[in-house]
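Model the full structure from these sequences, guided by the hints.
Those protein sequences? They're chains A and B, same order as listed. When the letters of the first sequence are read in order and numbered with the working numbering, they come out as residues 23 to 310. When the letters of the second sequence are read in order and numbered with the working numbering, they come out as residues 3 to 304.
In case anyone wonders, no lab produced these hints; they're calculated from the structure. This structure is a prediction, so every number in the text was calculated from the model and none was measured. Note that beta-carbon positions come from the ideal geometry of N, C-alpha and C, so glycine has one too. Treat the hints with care, as some may be off.
Stated by the list, open to error - So the derived label-pair ranges between C-beta atoms look like this:
1. Ala222(A) with Gly41(B): 21 to 31 Å
2. Phe300(A) with Ser149(B): 32 to 42 Å
3. Arg219(A) with Ile18(B): 15 to 25 Å
4. Asp193(B) with Ala222(A): 55 to 65 Å
5. Gly59(B) with Ser26(A): 24 to 34 Å
To be verified - Over the 10 Å line for every Cβ pair with chain A, so calculated as not near, a few chain B residues:
6. Leu52
7. Pro117
8. Ala172
9. Gly247
10. Ser253
11. Ile279
Unchecked claim - A few chain A residues that face chain B, going by a derived Cβ cut-off under 8 Å, partial list only:
12. Phe39
13. Arg45
14. Met310
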Amino acid sequence: MSDSIMGFVRQLRGEWFLLLRSRAVWAACILSMALAAGRVALLRLQSEAGEVHRAAQGRAGAAPADPSGYAPFADGLSWGFLVAFLSLTVFSSLSIALDRERGTIRLPLVRGTSRTGLVLGKFAALVVAGFALLAAATGSAAAAAAVFYDFGPVVEDRYEIFSEATICREVLTALAAAAVTLPAAAALGLFVSALARSGAAAAAAGLLATVGFDVLEGALGRPAGWVFLSYAPSLLDDSLLKEASKLARGYSDAGFSAERLWLNFAVPLPEAAFLLGFTLWIFARRRM
Amino acid sequence: MDALSLRGLTKRYGRIEALHGVDLTLPRGEIYGLVGLNGAGKTTTIECALGLQRFDGGQATILGLPPSEIHRSGGRITAALDAPALHPHLTVRQELEHGWILCGRGGRSPREIEPLLGLESLASRRTRELSLGNRRRLSVALALLGSPELAMLDEPFSGLDAAGVEELIALVRRLVREEGTTFLFSSHQLDLVERAATRLGIIHEGRMLREGSLVEVLDGGAERIRIDVGDAARALEVLRAKFPGLDAARSPDGALAVSAAGFKAAEMNAELVRAGIAVSALGIERPSLASAFRRVTGFEAE
Chain A
23 MSDSIMGFVR
33 QLRGEWFLLL
43 RSRAVWAACI
53 LSMALAAGRV
63 ALLRLQSEAG
73 EVHRAAQGRA
83 GAAPADPSGY
93 APFADGLSWG
103 FLVAFLSLTV
113 FSSLSIALDR
123 ERGTIRLPLV
133 RGTSRTGLVL
143 GKFAALVVAG
153 FALLAAATGS
163 AAAAAAVFYD
173 FGPVVEDRYE
183 IFSEATICRE
193 VLTALAAAAV
203 TLPAAAALGL
213 FVSALARSGA
223 AAAAAGLLAT
233 VGFDVLEGAL
243 GRPAGWVFLS
253 YAPSLLDDSL
263 LKEASKLARG
273 YSDAGFSAER
283 LWLNFAVPLP
293 EAAFLLGFTL
303 WIFARRRM
Chain B
3 MDALSLRGLT
13 KRYGRIEALH
23 GVDLTLPRGE
33 IYGLVGLNGA
43 GKTTTIECAL
53 GLQRFDGGQA
63 TILGLPPSEI
73 HRSGGRITAA
83 LDAPALHPHL
93 TVRQELEHGW
103 ILCGRGGRSP
113 REIEPLLGLE
123 SLASRRTREL
133 SLGNRRRLSV
143 ALALLGSPEL
153 AMLDEPFSGL
163 DAAGVEELIA
173 LVRRLVREEG
183 TTFLFSSHQL
193 DLVERAATRL
203 GIIHEGRMLR
213 EGSLVEVLDG
223 GAERIRIDVG
233 DAARALEVLR
243 AKFPGLDAAR
253 SPDGALAVSA
263 AGFKAAEMNA
273 ELVRAGIAVS
283 ALGIERPSLA
293 SAFRRVTGFE
303 AE
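See the structure below:
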C-alpha cells in the first residue's frame, strides 16, 4: 500500500478512535434517538388527546389523525435527522480548527500522514459517524412507531388511498434523499474548519451557515434548489421527509416535483466534492 | 546521508525576517542541541524542517526528503513541539494508543513507553488533569512511540522536574545507543543541552552563529588547564620554553590559564616540578555552553 493510502487509513482509524471516546458524539447520538422517538410518542399523545376531544364533542369514530405509523415515523426521522445534521455540522466544523488550536494536528502530519490524507481521513470518519447517527435515529423512530402505531396503507372510507408499498417506497426515498446530503454537510463543516482560526469560531460559523440558509432560502427563490442545504433536514424543514409524512397521511399533492427530486439527488455529492476540494486547497496552504 | 540538512533557510513573517539563511547539519546517530534565546528562531527552524510551515528560501532535506513530502517517511520522523498538544477528554493510556494508531502500531507500544517516562501510575488519568511536567512527559512519550529514526523535540525539558530531566536524558542516550535514533532538541536551558547533546547549534536573531560538535562549539574545542603556582612568571617561561606554541596566560588571580589543545596536563605538571616550581593545584576547566553562548551572541544577562 502506498504511503498516502497508509496515512489516510491511519488517520481514519485515529479519528474513529477519538469519535468513539467523545462524550459529545454519544450525547448527539442519544439526543437524536430521543428526539426521533419522542416526536413519535408526542404525535401519539396528540392523536389520543384529539380522540378524547372528539369523543367529548360527540364525534367519536371519526378518522384518526395518523391512520398509519409511517407518518409519525417520517416526522420522528425529521427531528432525529435534524439533530444528527446539526451535530455533524458542529463536529466537522470543529474537526480541523480545534486540532490546530490544540496543536494535535501536528503529530499525524509529522508521522507520515499527508495533508490530503489527513483531511480525507477526517471526512471519511465524519461521514461514517454521520450515517451512524442517522441509523440510530432511524432505528429509534421505527421502534417508537412500532410500539405506538400499526403500519399499514392509508385507508379512508374503506378506500385505500395509498398502498403500504407506495408509502414504504416514498419514506425510503425520503430517507435516501436526506442521507445523500450528509457528505456535503460534513464537507461544509470541514471547509469552514479549514478557514477558521479557532474551534469556537468554526462551530459558530458552521451553524450560522446552516441555520442562515434556512432563513434566507425563501428569499433566494429557485437558485436555492442548487444548494444541498435545501434538501437536508433543518429547523424549517423542506426536505422530502416532510413530503413523505404528508403522503403517509393521505395528502395526494405530497412529494417533490420531478425536477426538485432530481436536484435533491444530483446536487449534494458534487457539492461535497467541490467543498472538499476547496478544503484541501486551503489546508495545503495553512501553517500548522 | 545526514538525518537533517538545512542550507540557507530563510523565513519571513510579513516584514519580519525570522530566519536569515540558517544552515544546519545533523548527522545520523547524533544528539543535536539547538540553543537560543526566546524568539531566536528555534521553533521556526524546526517547523520549517518538518514542513509545518513553508519557508521562503533555501533548501531542506529531512531523512532525504523535502519537508513537503515528509509523509513519505512512513513514520520514521517524529516530533514533540512547543506546548504539549493533547486531547483533554482522553486518558494518558488512550492518548498514547491514539498516537500509536497514527504511527502505524509498530515498534514501541504505549505499555512499553509508559515506564520509560514514569507514566504508568498516570495511565488512567485524563490528560486535562495532568501537571505541565506530566503533560510534557506524555508529549515526549507520544513522540517516541513506534520506531522513529529522527526525533525533534522542541523545549523538551520545559516544565520537567529533576527526575524527569534525568529520565529523559537517559532515555535519549539509550535510544541513540541501542537503536541509532537521531535527536534534535531545541532549548534555552543551556546546562541541560550541554549535558545531553553531542552536537550544537547556536541560533540568535534568526542566524546560526555557530554550529559543530560539542567540542568545536565550546571555545573551539580547547579545554583550559588552570595551574596554581607560587611563581607564575617563571612557570610561564618554563612552559613556553618546553612547549612551543603553548597558549598560556596569567589570569587576574595569579594562576596560569593554559589552553589544553594538544598538550597534556600531567606533562606540564612534571616539567614545572622538574624546574623546582611548586604546583599547589592543577585542574582542567571545561568551557561551558553558557560561556560559549555569551561569547558568540554577545548576550549578557542583566
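Do the hints match the structure? See the list:
1. Checked against the hint of 21 to 31 Å, the pair Ala222(A) and Gly41(B) passes, with Cβ atoms roughly 28 Å apart.
2. A C-beta distance of roughly 37 Å is found between Phe300(A) and Ser149(B), which places it inside the suggested range of 32 to 42 Å.
3. Between Arg219(A) and Ile18(B) the C-beta distance comes to about 20 Å, which sits within the given range of 15 to 25 Å.
4. In this structure, Asp193(B) and Ala222(A) break the distance hint of 55 to 65 Å, their C-beta atoms being roughly 41 Å apart.
5. Distance hint check for Gly59(B) and Ser26(A): the Cβ-Cβ separation is about 28 Å, which falls inside the suggested range of 24 to 34 Å.
6. Taking the minimum C-beta to C-beta distance to chain A, about 5 Å, the non-interface status of Leu52(B) is violated against the 10 Å cut.
7. Residue placement check: Pro117(B) keeps its beta carbon more than 10 Å from all beta carbons of chain A (closest about 22 Å).
8. Its beta-carbon lying about 24 Å from the closest one in chain A, Ala172(B) satisfies the requirement of being farther than 10 Å from that chain.
9. Annotated as non-interface, Gly247(B) keeps its C-beta farther than 10 Å from every C-beta of chain A; the closest such distance is 49 Å.
10. With a least beta-carbon separation of about 49 Å from chain A, Ser253(B) lies farther than 10 Å from that chain, consistent with its non-interface assignment.
11. The beta carbon of Ile279(B) is kept farther than 10 Å from every beta carbon of chain A, the shortest such distance being approximately 60 Å.
12. Because the closest C-beta pair between Phe39(A) and chain B is about 5 Å apart, less than 8 Å, the hint holds.
13. The beta carbon of Arg45(A) comes within 7 Å of a beta carbon in chain B, closer than 8 Å, and the hint placing it at the interface holds.
14. With a least beta-carbon distance of about 4 Å to chain B, the hint placing Met310(A) at the interface is held under the 8 Å criterion.
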